[in-house]
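J.: Chains as they are written, first to last, in the working numbering: chain A, 1 to 265; chain B, 1 to 265.
Hint data in this document are derived by calculation from the structure and do not stem from the laboratory.
Given the structure is predicted, the values throughout are model-derived calculations rather than measurements.
Wrong hints could be hidden among the right ones.
When chains are identical, the list treats them as one kind, so a pair holds in a single copy or across two.
With a straight-line cut-off of 20 Å between C-alpha atoms, the simulated SDA-like cross-links for lysine to any residue are [what the hints assert, rightly or not]:
hint, residue 1, residue 2
1, K60, P187
2, K241, A215
3, K172, P153
4, K60, P156
5, K60, I182
6, K172, N151
7, K60, P199
2 protein chains.
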Amino acid sequence: MNAISQIGHRRGLTERLRIRSGGFTGPTAGLAPGNVQANLAILPAALAHDFLRFAQANPKPCPVLAVSDPGAVELPALADDLDIRTDVPRYRVWRHGELVEEPTDIRPFWRDDLVTFALGCSFSFEDALVEDGIEVRHLTCGGNVPMYRTNIPTVPAGVFHGPLVVSMRPLKPADAIRAIQITARYPSVHGAPVHIGLPAAIGIADLGRPDYGDAVLVGPDELPVFWACGVTPQSVIAQVKPEFCITHAPGCMLITDLRNSNLSV
Amino acid sequence: MNAISQIGHRRGLTERLRIRSGGFTGPTAGLAPGNVQANLAILPAALAHDFLRFAQANPKPCPVLAVSDPGAVELPALADDLDIRTDVPRYRVWRHGELVEEPTDIRPFWRDDLVTFALGCSFSFEDALVEDGIEVRHLTCGGNVPMYRTNIPTVPAGVFHGPLVVSMRPLKPADAIRAIQITARYPSVHGAPVHIGLPAAIGIADLGRPDYGDAVLVGPDELPVFWACGVTPQSVIAQVKPEFCITHAPGCMLITDLRNSNLSV
Numbered sequence: 001m002n003a004i005s006q007i008g009h010r011r012g013l014t015e016r017l018r019i020r021s022g023g024f025t026g027p028t029a030g031l032a033p034g035n036v037q038a039n040l041a042i043l044p045a046a047l048a049h050d051f052l053r054f055a056q057a058n059p060k061p062c063p064v065l066a067v068s069d070p071g072a073v074e075l076p077a078l079a080d081d082l083d084i085r086t087d088v089p090r091y092r093v094w095r096h097g098e099l100v101e102e103p104t105d106i107r108p109f110w111r112d113d114l115v116t117f118a119l120g121c122s123f124s125f126e127d128a129l130v131e132d133g134i135e136v137r138h139l140t141c142g143g144n145v146p147m148y149r150t151n152i153p154t155v156p157a158g159v160f161h162g163p164l165v166v167s168m169r170p171l172k173p174a175d176a177i178r179a180i181q182i183t184a185r186y187p188s189v190h191g192a193p194v195h196i197g198l199p200a201a202i203g204i205a206d207l208g209r210p211d212y213g214d215a216v217l218v219g220p221d222e223l224p225v226f227w228a229c230g231v232t233p234q235s236v237i238a239q240v241k242p243e244f245c246i247t248h249a250p251g252c253m254l255i256t257d258l259r260n261s262n263l264s265v
Numbered sequence: 001m002n003a004i005s006q007i008g009h010r011r012g013l014t015e016r017l018r019i020r021s022g023g024f025t026g027p028t029a030g031l032a033p034g035n036v037q038a039n040l041a042i043l044p045a046a047l048a049h050d051f052l053r054f055a056q057a058n059p060k061p062c063p064v065l066a067v068s069d070p071g072a073v074e075l076p077a078l079a080d081d082l083d084i085r086t087d088v089p090r091y092r093v094w095r096h097g098e099l100v101e102e103p104t105d106i107r108p109f110w111r112d113d114l115v116t117f118a119l120g121c122s123f124s125f126e127d128a129l130v131e132d133g134i135e136v137r138h139l140t141c142g143g144n145v146p147m148y149r150t151n152i153p154t155v156p157a158g159v160f161h162g163p164l165v166v167s168m169r170p171l172k173p174a175d176a177i178r179a180i181q182i183t184a185r186y187p188s189v190h191g192a193p194v195h196i197g198l199p200a201a202i203g204i205a206d207l208g209r210p211d212y213g214d215a216v217l218v219g220p221d222e223l224p225v226f227w228a229c230g231v232t233p234q235s236v237i238a239q240v241k242p243e244f245c246i247t248h249a250p251g252c253m254l255i256t257d258l259r260n261s262n263l264s265v
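Please model the entire structure based on the sequences and the hints provided.
T.: Okay, here's the thing in structure tokens:
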């Protein structure tokens, strides 16, 4: 992983300290502009190896940015001065696949066998698209990106298996080509799309009815472009129903000290 | 330009000597596998600067691999031991926009004011697609790639202007995404596509009736993918009707010593 820059650390730590103190408990979109934000999955060590194997075999939906030592609350590859128990605005605590609580601090739930996975998030590549001048529809509309369960299976590993979930952004053909080139440079945040046009070919019957997020209009001069989505690991974990796990609450991401541009290959 | 490798020189020179001696006068597809083949435009010096400006402003249809000194018959950036007057299997000689002859040797036509332009050719990126395991339909069918005049204008420069011509390859969506990534690495041979899906949006009314080349089937599970085409400069030159110019005959390319992989960025 890249060295952490001063600007990245200053912006990241400012927001983490505000969140850690309880001063912010909402969605993190727009915070620490240009810094990498991450999806979070915190699992008992007994499941950690299977989950990491699953992620390794499915790097597009599950791009691993960092894995903690068991019980450790730091992620030194992502930030200096980070406490994974307090630095996310809102968490979800799951027992046997049931959502039991949405705390803003997981110190009361912490266990010495917990392993934290930080996974890349599409915020990073959307930042690169917007910087290139490409309109990202759900951002224009102020909604959440539309997401769909597909008929594309993930590669199973250990107890983990299930269908690929994709996010969709409608783009004019020339912008779609440019977006493929740009996002291909960001393999650690889902990389290039997995599909373009022809939604039925991947088991999506109606673009107007996403399985998660909000529908957006696809114009007659546009193609729907589909990227592997970070909801995939969450939906796969939900199927396995581990006795205990913790994730971030939707939209309430971990703000790191890395810069989005650091992730470009 | 990259240094010329031994394998490239050996394969290139073998074919050029065979062509130079009159032993081969046909299309060059498949000759010197892996070597770069080039489109040729030979223009009087009075037009050369305008044409080079046109190519500079339109790098996708007109990727310049090399430009000769006026009157020179060598292109040292592309090959050792190359004579542009004899080393192409078949040429076309044009006067005032009219095709007047198709010789296999242009020494009788040579003038001291002629400037040779070697332009990148899609053979190079098709080689990269095939090596990646992607089916290239017109190669499978043994025909010429279908090409279409579009409603996309080129950037005019001096006397040169006209519409962009594109070549089309039908691909399944996942292959299309991969093909965009692969061809983006070859900017000197047309680079990434200019359009995908939605032919009407670029002025193509009927994919089954190409303006040049042979029609191919586009399956219901495929998208038409459009690349800027090396026929664009030829069609633009034809519109300008210069008093004299020479091109290669279609499919009868200049075989260089460069390897296709040398062109990858």
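J.: Taking the hints in turn, state whether each one holds.
T.: Tested hints:
1. Taking the shortest Cα distances, K60 and P187 sit within 20 Å of each other inside one copy (7 Å), while across copies they are farther apart (26 Å).
2. Taking the shortest alpha-carbon separations for K241 and A215, neither the intra-copy value of 28 Å nor the inter-copy value of 53 Å comes in at or below 20 Å.
3. In this assembly of identical chains, the alpha carbons of K172 and P153 lie at most 20 Å apart only when taken from different copies (18 Å versus 28 Å within one copy).
4. Taking the shortest Cα distances, K60 and P156 sit within 20 Å of each other inside one copy (14 Å), while across copies they are farther apart (42 Å).
5. With identical chains, the CA atoms of K60 and I182 are at most 20 Å apart both within one copy (15 Å) and between copies (18 Å).
6. With identical chains, the CA atoms of K172 and N151 are at most 20 Å apart between copies only, with a shortest distance of 16 Å across copies and 25 Å within one.
7. In this assembly of identical chains, the alpha carbons of K60 and P199 lie at most 20 Å apart only when taken from the same copy (19 Å versus 30 Å across copies).
Checked against the numbered hints given earlier, this structure breaks only hint 2.
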